[in-house]
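Colleague: Work the whole structure out from these sequences, hints included.
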Amino acid sequence: SAVISQKPSRDICQRGTSLTIQCQVDSQVTMMFWYRQQPGQSLTLIATANQGSEATYESGFVIDKFPISRPNLTFSTLTVSNMSPEDSSIYLCSVDSRDGTGNTIYFGEGSWLTVV
Amino acid sequence: GEDVEQSLFLSVREGDSSVINCTYTDSSSTYLYWYKQEPGAGLQLLTYIFSNMDMKQDQRLTVLLNKKDKHLSLRIADTQTGDSAIYFCAGADPGFQKLVFGTGTRLLVSP
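Protein chains in written order, with this note's numbering: chain A, 75 to 190; chain B, 4 to 114.
The hints are simulated quantities; they were obtained by calculation from the structure and are not laboratory data.
None of these values were measured; they are calculated from a predicted model.
There may be inaccurate statements among the hints.
[What the hints assert, rightly or not] The following label-pair restraints were derived from C-beta to C-beta distances:
#1 104(A) to 8(B): 22 to 32 Å
#2 56(B) to 159(A): 21 to 31 Å
#3 124(A) to 54(B): 20 to 30 Å
#4 53(B) to 101(A): 17 to 27 Å
#5 82(A) to 81(B): 30 to 40 Å
#6 104(A) to 53(B): 12 to 22 Å
#7 124(A) to 47(B): 41 to 51 Å
#8 160(A) to 42(B): 38 to 48 Å
[As the list claims (entries may be wrong)] Listed next, the stretches of chain B that the computed footprint assigns to chain A, with coverage defined by at least 3 CB atoms under 8 Å from CB atoms of chain A:
#9 31 to 38
#10 44 to 56
#11 100 to 114
[As the list claims (entries may be wrong)] DMTMM-like mimics (lysine to aspartate or glutamate), calculated; alpha carbons at most 25 Å apart, straight line:
#12 81(A) to 8(B)
#13 81(A) to 161(A)
#14 70(B) to 17(B)
#15 59(B) to 19(B)
#16 81(A) to 160(A)
#17 73(B) to 17(B)
#18 39(B) to 96(B)
#19 39(B) to 100(A)
#20 39(B) to 85(A)
#21 71(B) to 57(B)
#22 59(B) to 161(A)
#23 39(B) to 8(B)
#24 70(B) to 29(B)
#25 81(A) to 100(A)
#26 71(B) to 29(B)
#27 39(B) to 29(B)
#28 73(B) to 100(A)
#29 39(B) to 183(A)
#30 71(B) to 96(B)
#31 39(B) to 161(A)
#32 70(B) to 85(A)
#33 39(B) to 170(A)
Ideal Cβ placement from N, Cα and C applies to all residues, glycine included.
Modeller: Laid out in structure tokens, this is it:
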């Protein structure tokens, strides 16, 4: 299994500011994913981050709003830019860990952001 | 694209079995997953099933997959109060492992 650490775990942010969320994995993984979970909702994929290439964004998400870095095989960051209250969500990092028994996809504990 | 549906709420008594259902539209999903989310926590991977399997059992958990009907279920035997949480099913996009999540089922286990 993969152990995923996210920072910060929680934060209260001012409208108009930006916040960078870090995701650290205890093993090298090819694919990392960032999801958003709005209050009371299910999860929606923001983007896929592969090391050495630009992130691939899903419909409705753009790089200017959610810039992503993937400098190596164990680390990624997601920035939520120019935040508004609508950005209040849980942001979750996920990895695809191919462990020989199949493709298992693990999640971090999430970063709970409240924008005021 | 994939669309995944779940019933929103399930209430059971402690010791009973719980069955959480999920329907999906994209038959090309290679893996189907079940996750548990407790209040204030992230997602915990419970189990997954490969699309060429009909059933998978893991301790108290049994996953059934009916590919013809595109129906997935998670049975929890001897449900405990600690099983109270939101359960999400998710299908994986072939090759890319992007997950499409269901709406989540809130399981409430009463003593």
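Colleague: Need the list of violated hint numbers for this structure, in ascending order.
Modeller: 2, 7, 8, 12, 14, 17, 22, 28, 32
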